[in-house]
Amino acid sequence: MKFTRLNRSLLLMAAAMLTITACKRGHDNPGTQYAPNMYEPVGYEPYKQEEGFKTPYTDKGTKGTALWLPVKGTVSRRNYNTGFGEGDTTTKDLMIYNIPADSIEISERALVNPVPLTEKTLAEGKEYYTRFCQHCHGETGKGDGLVAAQYKGVPNYGGMSGMKEGHIFHVITHGRGRMWPHGSQITPEDRWKIVHYVRKLQTGG
Amino acid sequence: MHTDFIGFSSLKMYSRTAINRVVIVLIILLGSYRSQAQDAAKGKELYSTLCQQCHAVTDEKVIGPGLKGINQRRDEAWLIKWIKNPQAMISSGDAYATALYAKYQPVVMQSFPDLSDDDIKNILAHVEAANAAPAGGDAPGVGAQAGGGAQAAASESPSGLFTVVLVALLVVMLLVLGVLLVLVTILSKAVAPAPGVETTEQTKSFSQRLKDITGNSALRSIVLWLFVFVVIKQTFDGLYSVGVSQGYAPKQPIAFSHKLHAGQYQVNCNYCHTAVYKGKLATIPSANICMNCHGEIKRESPEIQKIYKAIETDTPIEWVRVHNLPDLAYFNHAQHTNVGQVQCQTCHGEVEKMEVMEQRSSLTMGWCIDCHRKTEVATKDNAYYDKLVALHKKGSKEPLRVANIGGLECSKCHF
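As you go down the protein sequences, you meet chains V and L in turn.
According to full-length UniProt numbering, the residues represented by the first sequence are 1 to 205, in order.
According to full-length UniProt numbering, the residues represented by the second sequence are 1 to 415, in order.
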């Protein structure tokens, strides 16, 4: 078969078009970056893990992380005196919350909800309950959340009308029975707001 | 409402007393019935709200022991005492209670001081009744299994149906093709010129015909322009995609499914991404948050075993970052989710439907700016904005948008 030059170039063009349009970036490929110097952070980003990072975690794995544990003995600001009092606040020192996990009786006795019960704090408590509790404990505390069907053993708030606030706070913080501790996810202040809402569900009010 | 005449209201009076009598008789009847045989239906209701979470009516262990034959195992008085306050029974040193505690510790059964003796008898009657009628007794378990099966079938069937339809279509198309071919051959034979008379079309070689086609100048210019267009478009598309990772869905070290957790089980985003309403970053959950559920369930799964290994060896799980804004732009989650009340899905797409996390939005500056121009500031119930809104209303009829409060200022994000 004899082709003219034009025919050959036409064929080449068609092939080129096919080749160009056929290429798609794979799902594992983030693509090209222009001037990555501008993209990559100069300082340490949280979660950054890099070969040769000298951090306390370096000897645990191959890479060190930019995340460090707090220095021993330090108290996180949110666990310190938050000075509620006027309106949403209390003057109680929140350091009292360092009650050992196995001493729920102390919490029951000693802890009183420092967050005043108002419409606003109750609404916030409901919001936090929806985010952190509802998928197990259910919308109305019947223990009928979607996860509870799998998890099993989530109690019904129905028979708990006499529960102490400190007990609830302690259970959220340290867990109890099948429930694991949720203290790392919710600040003490928000936990107290949840306590307000849980009490509302328990007493059916 | 108030227009009924005397006769009618007296009739109503009469009927009311009659109803009252019937009700009283019914109550007496019910009472006598209850004193003999417990009300299993009432017990079922209580059972499903209070007991089912930890106990099965069969002998299967859920959290606490299965309740089959409970009435034979223990006498009623003991059971009532136990259900009302298990902790007190254990403390009092009751042999059976302490043995139970030893077997199931550290979990102690919840106490139900609010339940009356009758309530407990009803519940026990329900357990008895559920086991007496095998179909009824097994109903919850079987129902759940059947439900699960149906669900699995439902989730499978669309793809199955799709394949069937595809194959059917293919068969039909092949049949049509065959029929058409037959038609063409028959027709071409019918219209074939008598042998001996040669047409130019028939004798032309393939290359000759190709030459004819390529010789057509109109066609040539069309192809040429098409080529130029495609090349230009591809060049610009390629340039625009530099630094844009839209569609990036890397394989993660653990095959975590947002579709399962956030979609099927509706676990709130905030449950795992704890700082999303409070901090600059939404934060990646630490392994202890996984353990809140997986310390108890699905422990044998090989994917979850990877989390256990990470905890045991104290090595971080190396998740691959999907959404990565360049360092030259500042972005703060709390500002958008908490103050701006923007839904997670607005930027991240329908995460609750993603098996593998994917970057759905382009995260380009144009995309940011576009949203800042359109979005109204969430000023409702936020006293901070009150004066600003009042000021804005004086000068403009448009609602207060992000662009009006500096959402287009360079230094707002680039500093």
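It is worth saying that the hints were derived from the structure and are not from the lab.
One should not assume that every hint holds.
[Said to hold, decoys possible] As a list, the in silico BS3-like pairs of lysine-lysine whose alpha-carbon atoms are at most 27 Å apart:
#	chain 1	residue 1	chain 2	residue 2
1	L	Lys-61	L	Lys-42
2	L	Lys-44	V	Lys-152
3	L	Lys-81	V	Lys-152
4	L	Lys-251	L	Lys-233
5	L	Lys-309	V	Lys-72
Verification of the supplied hints:
With a CA separation close to 24 Å, the supplied pair Lys-61(L) and Lys-42(L) stays within the 27 Å bound. At most 27 Å may separate the alpha-carbon atoms for a hinted pair to count; Lys-44(L) and Lys-152(V) meet this at roughly 18 Å. Between Lys-81(L) and Lys-152(V), the direct Cα distance comes to roughly 24 Å. Compliance with the 27 Å bound is thereby established for this hinted pair. At roughly 30 Å between alpha-carbon atoms, Lys-251(L) and Lys-233(L) are farther apart than 27 Å, so this suggested pair is violated.
For the hint linking Lys-309(L) to Lys-72(V), the alpha-carbon distance of about 25 Å falls within 27 Å, and the restraint holds.
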